[in-house]
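Enquirer: Letter by letter, the chains look like this.
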Amino acid sequence: MTSTRKCWEGLAAAVAVAVIALTGLSGAEAASPAERLPDNQQNLTFVPNFGVPSLDSAMVPLEMGTNQIMSNVLQALVTLDKKSIPQPQLATSWKWTTPTSLQFKLREGVTFSDGQPFTSADVVGSFDRFIAKKATLSAALSIITSYTADDPTTFTINTSAPTGTLLGVLSLVKIGQGTHSTDDVWWGKPIGTGPFVITSYVANDHVKLTRNDTYWGEKAKLKTLTFSLITDTNAKITALANGQAHVLGDVIYDQFPTVKAMENVTLTPADALTYYFLWFNNAKSPLTDPKVRRAMWMALDLPTIVQSLYGETASPMDSFCPSSAFGCVTAADMPSYDPKGAKALLAEAGYPNGLTADILLNTSNAGMDTLVSAFVSQWKAVGITVKPRAQDPTTWLADFSAHNWDMVVNPNATITGDADYTLNRLYNCAANRLGYCNPKLDALFTKAQQSSDPSERTALYQQAVNIMAQDAPGIPMFQTKSNVAALKSVQDLSIPPTEFIDWSTVYLTK
Amino acid sequence: MLGYVVRRLLLAIFVLWGVATVVFIIVRMVPADPALLIAGQTATPEQVASLRQQMGLDRPLTAQYVQYLGQAVTGDFGNSYTHNVPAVYLIGQVLPNTALLAVLACTLAIVVSIPLGVLAALQVNRIGDRLVTTVSLIIQALPGFWIGVVMLLVFSRSLKWLPSAGLVGAQSLILPTIVLALPFIAILTRLTRSGLIEVNGEGYINTARAKGLGELTVVFPHAIRNALIPIVTVIGLQFGTLLGGAVVTETVFSFPGIGKLLVSSIQLRDYNVLQASVLVIAATFVIVNLLVDLLYAYIDPRVRLSK
Numbered sequence: 037m038t039s040t041r042k043c044w045e046g047l048a049a050a051v052a053v054a055v056i057a058l059t060g061l062s063g064a065e066a067a068s069p070a071e072r073l074p075d076n077q078q079n080l081t082f083v084p085n086f087g088v089p090s091l092d093s094a095m096v097p098l099e100m101g102t103n104q105i106m107s108n109v110l111q112a113l114v115t116l117d118k119k120s121i122p123q124p125q126l127a128t129s130w131k132w133t134t135p136t137s138l139q140f141k142l143r144e145g146v147t148f149s150d151g152q153p154f155t156s157a158d159v160v161g162s163f164d165r166f167i168a169k170k171a172t173l174s175a176a177l178s179i180i181t182s183y184t185a186d187d188p189t190t191f192t193i194n195t196s197a198p199t200g201t202l203l204g205v206l207s208l209v210k211i212g213q214g215t216h217s218t219d220d221v222w223w224g225k226p227i228g229t230g231p232f233v234i235t236s237y238v239a240n241d242h243v244k245l246t247r248n249d250t251y252w253g254e255k256a257k258l259k260t261l262t263f264s265l266i267t268d269t270n271a272k273i274t275a276l277a278n279g280q281a282h283v284l285g286d287v288i289y290d291q292f293p294t295v296k297a298m299e300n301v302t303l304t305p306a307d308a309l310t311y312y313f314l315w316f317n318n319a320k321s322p323l324t325d326p327k328v329r330r331a332m333w334m335a336l337d338l339p340t341i342v343q344s345l346y347g348e349t350a351s352p353m354d355s356f357c358p359s360s361a362f363g364c365v366t367a368a369d370m371p372s373y374d375p376k377g378a379k380a381l382l383a384e385a386g387y388p389n390g391l392t393a394d395i396l397l398n399t400s401n402a403g404m405d406t407l408v409s410a411f412v413s414q415w416k417a418v419g420i421t422v423k424p425r426a427q428d429p430t431t432w433l434a435d436f437s438a439h440n441w442d443m444v445v446n447p448n449a450t451i452t453g454d455a456d457y458t459l460n461r462l463y464n465c466a467a468n469r470l471g472y473c474n475p476k477l478d479a480l481f482t483k484a485q486q487s488s489d490p491s492e493r494t495a496l497y498q499q500a501v502n503i504m505a506q507d508a509p510g511i512p513m514f515q516t517k518s519n520v521a522a523l524k525s526v527q528d529l530s531i532p533p534t535e536f537i538d539w540s541t542v543y544l545t546k
Numbered sequence: 067m068l069g070y071v072v073r074r075l076l077l078a079i080f081v082l083w084g085v086a087t088v089v090f091i092i093v094r095m096v097p098a099d100p101a102l103l104i105a106g107q108t109a110t111p112e113q114v115a116s117l118r119q120q121m122g123l124d125r126p127l128t129a130q131y132v133q134y135l136g137q138a139v140t141g142d143f144g145n146s147y148t149h150n151v152p153a154v155y156l157i158g159q160v161l162p163n164t165a166l167l168a169v170l171a172c173t174l175a176i177v178v179s180i181p182l183g184v185l186a187a188l189q190v191n192r193i194g195d196r197l198v199t200t201v202s203l204i205i206q207a208l209p210g211f212w213i214g215v216v217m218l219l220v221f222s223r224s225l226k227w228l229p230s231a232g233l234v235g236a237q238s239l240i241l242p243t244i245v246l247a248l249p250f251i252a253i254l255t256r257l258t259r260s261g262l263i264e265v266n267g268e269g270y271i272n273t274a275r276a277k278g279l280g281e282l283t284v285v286f287p288h289a290i291r292n293a294l295i296p297i298v299t300v301i302g303l304q305f306g307t308l309l310g311g312a313v314v315t316e317t318v319f320s321f322p323g324i325g326k327l328l329v330s331s332i333q334l335r336d337y338n339v340l341q342a343s344v345l346v347i348a349a350t351f352v353i354v355n356l357l358v359d360l361l362y363a364y365i366d367p368r369v370r371l372s373k
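Note that the protein sequences, when read in sequence, are chains A and B. Quick note: the first sequence uses this note's numbering, first residue 37, plus one each step. Quick note: the second sequence uses this note's numbering, first residue 67, plus one each step.
Calculated directly from the structure, the hints in this document are not laboratory data. Predicted model only: the values in this text are computed from it and were never measured. A few of these clues could be false.
Stated by the list, open to error - PhoX-like mimics (lysine-lysine), calculated; alpha carbons at most 25 Å apart, straight line:
#1 K296(A) to K226(B)
#2 K277(B) to K546(A)
#3 K476(A) to K255(A)
#4 K277(B) to K524(A)
#5 K277(B) to K244(A)
#6 K244(A) to K225(A)
#7 K118(A) to K141(A)
#8 K141(A) to K296(A)
#9 K327(A) to K379(A)
To be verified - Derived contacts from chain B toward chain A, CB cut-off under 8 Å, selection only:
#10 T140
#11 L218
#12 S260
#13 E264
#14 N266
Unchecked claim - With beta-carbon atoms standing in for the labels, derived distance ranges:
#15 G84(B) to Q152(A): 48 to 54 Å
#16 G84(B) to T235(A): 38 to 44 Å
#17 T267(A) to P97(B): 42 to 48 Å
#18 Q130(B) to T340(A): 38 to 44 Å
#19 P375(A) to P97(B): 36 to 42 Å
#20 A197(A) to Q133(B): 50 to 56 Å
#21 T267(A) to P181(B): 34 to 40 Å
#22 V298(B) to Q527(A): 53 to 59 Å
#23 G145(A) to P97(B): 34 to 40 Å
#24 G151(A) to G141(B): 57 to 63 Å
#25 G253(A) to V169(B): 45 to 51 Å
#26 G141(B) to E71(A): 38 to 44 Å
#27 P490(A) to V88(B): 55 to 61 Å
#28 G141(B) to P490(A): 53 to 59 Å
Virtual Cβ for every residue (Gly too), placed ideally from N, Cα, C.
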C-alpha cells in the first residue's frame with residue numbers, strides 16, 4: 037500500500053511540475069532587426085487558400101490552387117501584370133500577322149530545369165496536351181483552329197475568328213517539354229522553365245519546390261518553398277502563430293482580430309479577381325420577367341449586408357465582373373436598395389402578393405449560409421418567400437449544371453483578367469448558363485472579343501454592362517480582396533490580382 | 067488449429083468481397099458525377115460525356131464491377147481521376163504515416179493504461195481508484211476533435227512547442243498520437259482494472275497470497291495473465307481501427323494519412339482512390355482481427371474448438 041501511495045504522490049508532483057512549466061513559459065519572442073537570413077535558411081512555407089487537386093495544369097487549368105504552385109514551375113507564353121495586361125514570359129513579342137493569325141517570337145537561351153533547351157516544339161507539344169485533355173479551358177481554346185512551329189523560336193496560332201482576348205487565355209497554357217505531351221505521369225510532376233523545381237509532392241499534404249539554379253531569369257532568393265496544404269482554419273492560424281508557416285494565402289474576416297493581434301504578422305488586403313454572384317434562372321417563371329428580377333435585386337440592401345458580414349475584405353460591385361479585370365467598367369443604372377420600389381415593381385409584374393422561390397448554395401463556401409439568411413429576411417420584407425437549399429459541393433455542381441434552381445449563389449474568378457472571360461463566357465446565348473439570352477449583347481461580346489483595340493473594347497463592354505443592368509440576369513453581389521497574412525520576416529511579397537504569387541522575388545529576414 | 071485458420075481465412079476473404087461490393091454500390095449511389103466534377107462548371111454536356119467515356123463511367127455497372135473486382139485482386143485499382151497517378155501510389159504515400167501513428171498511439175496507450183489499471187485495481191473504491199475511473203470516464207466522453215483543437219491551442223498556438231499541422235518531423239507526431247491514444251487509454255485502463263478485480267477473488271490468487279507472495283508478484287504475472295485475454299482482444303480491435311485511419315484526428319492536424327486521403331477522395335468523387343482506400347482499410351482491419359483471433363485461439367484453446 038505504501039508503494040502505491042508513493043506512486044500517486046510522485047504522479048501529483050509530476051503534474052504540478054508540468055503545470056508550473058506550462059504557465060511559466062512565454063510564447064512571445066522579441067523581434068530582431070531585419071537582416072537577410074543566410075541562403076540555407078531561406079526556406080519559406082506558404083499555406084494556400086485553395087485546394088490542389090492535381091499538379092497537371094492541362095487537366096485542371098482553371099484551378100486556382102494548381103496555378104498558384106505551377107506558375108512558379110511552368111511558364112506560359114505570356115503572363116498577366118497587376119493591371120491584367122499580358123506581358124512577355126516565354127514569348128518576347130507577338131503580332132497579328134493576319135486578323136486570325138497570331139505569331140509569337142520565343143525567348144532564346146531558355147532551358148528547362150533539367151538543362152534541355154526550350155523551343156517552339158515544346159509549345160506545340162503543350163498545346164497538343166491542353167487541347168486533347170478537353171478540360172475546363174477547352175471552350176476558351178476552341179477558337180484555335182491550328183498552330184505551328186515555324187522555326188525553333190517562332191510559333192503561330194491560327195484562329196477561326198479575330199480574337200483580341202486570346203492572350204489572356206494563353207497566360208493559362210503552361211509550357212512543358214513537348215516530348216511528354218501524352219505522358220500523364222510526367223505532367224503530374226513536370227519539369228519547367230520557371231524559377232522553381234518540384235522536389236516532393238504528397239497529395240493533400242504538401243508540395244515542396246526548390247530553387248531552379250539554371251533559371252534563365254533572375255534566380256529565386258528562396259532556397260525552398262513549401263506549399264503546406266492545411267485545410268483546417270484553426271490549424272492554419274496556429275501554423276502562422278507558431279512560425280510553422282510564414283504566409284497564409286487568405287484570412288477569413290472572422291479571423292482578422294486574431295491575426296491582427298499577432299505582433300510579428302502583417303495582414304495585407306490585395307485586389308483580386310474573385311467575386312460572388314447570384315444568378316436568377318432566367319428561363320423559369322416568374323424569373324423570366326426582368327421586372328421580377330430587378331425587384332428581387334432592389335429588395336436587397338447589398339452595401340449594408342456586405343459591410344456587416346465581410347467588412348474590409350469585400351466591396352459591393354458596380355459591374356458584372358470585378359473592377360480589377362480589364363473591361364469591367366461601371367454599369368449605368370444598376371438597381372439599388374429600394375424595398376418600396378421593389379414591391380411596386382412586383383405588383384406591376386403581376387405579383388402584388390409576392391412569390392416563392394428557392395436558392396441553391398454550396399456548403400463549401402464558408403459564410404454563404406449567413407449571407408443567404410440575410411437575403412431571405414430582406415426578401416421576406418417585400419413579400420418574397422425564399423427557401424435556401426444548401427448542398428455539398430458535388431451535389432451542388434450536379435444541380436447547378438442541370439439548372440435545377442430558381443436562384444444560385446457562388447464565387448467565381450475572372451481568371452484571365454479580362455471582362456470577356458466572365459461576360460462572354462457566362463452570359464452569351466450559346467452558353468445557356470442561366471437561361472438568359474440577349475442577341476444584342478451577344479453581338480457586343482463578339483465585337484469586343486474580336487477587337488485588339490483596348491479603348492474600343494472598353495466602350496463595347498460599357499454598352500454591354502448597361503444592357504445587363506437593365507435585364508438583371510443576375511446580381512453581382514460583391515468582389516473580395518485577397519487577405520494575405522505574412523510574418524514580418526517575409527520581404528518583397530507582392531500579391532497580383534490573379535493571386536498567382538511570383539515567389540522568386542521573396543526572401544526572409546531574421 | 068489448421069482447420070480453424072483455414073475457416074478464418076475463408077471468412078476474411080468473404081468479408082473483403084462483401085466490403086468491395088458494398089463500396090462499389092454506395093459510391094455509385096451517391097449523387098454527383100465525377101466527370102462533371104473534373105470537367106467543371108464551364109464544361110459543355112459533350113465535354114462531360116467525352117470525359118465520362120475516357121473514365122470508363124459510361125459502361126454498364128456490371129462491366130465496371132467485374133473490372134473493379136479484377137483490379138482489386140491484382141492490387142491495381144486504376145488511376146486517380148484527379149491526380150492522374152495510380153490510386154495505390156497515393157495510398158502508398160500516406161499509409162506508412164497512418165501505420166506509424168497507430169503503432170505510437172497503441173504503444174502509448176498500453177504503456178500508460180496497464181499500470182494505471184493495476185493501480186486502480188489495487189486501490190478499489192479508494193481515492194486512487196476513483197480518480198482513475200473518473201478521469202477515464204471523462205476522457206472517454208470527450209470528443210476527439212475537441213481534445214485535438216484544445217491541444218492545438220495550448221501546445222501549438224500558446225506555448226509554440228509543437229507544430230500544428232502536417233508531418234514536418236518527429237514532433238508532428240506528438241499531438242496526434244496523444245489525441246488518438248487518450249480514449250484508448252481510458253478503455254484499456256478500465257478494462258485492466260475490471261479484469262484484475264474479477265480475477266482477484268479467484269482461488270489461485272488467494273493461494274498465491276497465502277504463500278506470502280508480495281502484492282506486485284501476485285499481480286505480475288499471476289493475476290494479469292488471465293486479465294490480459296480481453297485486453298489483447300480490445301488492443302487488436304483498436305489497433306485495426308487506428309490503422310484504418312483516424313479521419314477526425316488526421317483532419318484536425320492536417321496529418322497526411324489514409325483517413326485524410328479518404329475524405330478528399332469522397333469530396334472529389336475519385337472512385338478509384340475511394341474504393342482502393344476503403345478496401346485497404348477493410349483489409350487491414352480484417353487481417354489484424356484475424357491475427358487477434360488466432361492469438362486468442364492460441365491463448366485459449368476453447369476458442370478453436372468451438373465451431
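Enquirer: Tell me the numbers of any earlier hints that the structure contravenes, in ascending order.
Expert: Of the numbered hints, 2, 3, 4, 5, 8, 10, 12, 13, 14, 17, 18, 20, 23, 24, 26 do not hold.
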